[in-house]
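Numbering of the first sequence is given in the working numbering, commencing with residue 1 and proceeding in unit increments.
Hints may be right or wrong, so weigh each one.
[Said to hold, decoys possible] With a straight-line Cα cutoff of 20 Å, these simulated PhoX-like cross-link-like pairs (lysine-lysine) come out:
#1 K30 / K137
#2 K117 / K79
#3 K111 / K79
#4 K79 / K137
#5 K59 / K30
#6 K111 / K30
#7 K59 / K137
In short, the hints are calculated from the structure, not lab data.
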Amino acid sequence: MRILEEDFYRRDTVQVARELLGKILIHESKEGLTSGIIVETEAYYQGDPACHATRGRTKRNAVMFGPAGIAYVYFVYGKHHCFNVVTGEEGSGEAVLVRALEPLEGVELMKRRRGDKCPYRRLSSGPGNLCSAMGIKGEHSGVSLLVAPLYICNDGDEVASADILVTSRVGISRGEELLLRFYIKNNPYVSRR
DNA sequence: GCTTTGATGCACT
DNA sequence: GTGCATCAAAGCG
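Given these sequences and hints, build the entire structure.
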């Protein structure tokens, strides 16, 4: 397994969103290590009305305008965190939202963080659940994904394009129904079919 | 400084 | 399937 380099992220945002499927997100927290296979992503690029960076740089979205390979985490709906990866050229303000993981390591820790009553397949299904299970919080916004404790690895297995489904994004109220959501076909851990 | 609303998840029917 | 908690940042004046 190899940590993905900045070169991987500094490319077309839609391409990065597709290729992130099947990669492994790892967080080495104080409480322990958790990891999972990325099974669902969404692309947010410049010019897209639903993208946080569309209306210019603000305090919240500032890290989106930084170099690729940086985590962008934000708080939404008064309860939930969402985890994004900054992509494209520095200053473009583009990112990929990671929406769901298939739990791999540290499952017990995830269960503890999510609550014992949580069904296994919903441990990290959905942007808010994913952050909760992985222990990702607002403090992780702006940290590099190129080094520990938070990084993404390539396990060598590319996901065949036949196994990738493309749909419109979830929860978008502004903008057109763009086909910018990608997920692995028949994977039980995606947040929604 | 005041109001609106959102890249959601969960409890409840 | 539907309603709603909950709050910071954005948008407006």
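Status of the hints after comparison with the structure:
| no. | hint | in the structure |
| --- | --- | --- |
| 1 | K30 / K137 | holds (13 Å) |
| 2 | K117 / K79 | holds (19 Å) |
| 3 | K111 / K79 | holds (19 Å) |
| 4 | K79 / K137 | holds (11 Å) |
| 5 | K59 / K30 | violated (28 Å) |
| 6 | K111 / K30 | holds (16 Å) |
| 7 | K59 / K137 | holds (17 Å) |
Checked against the numbered hints given earlier, the structure breaks only hint 5 and satisfies all the rest.
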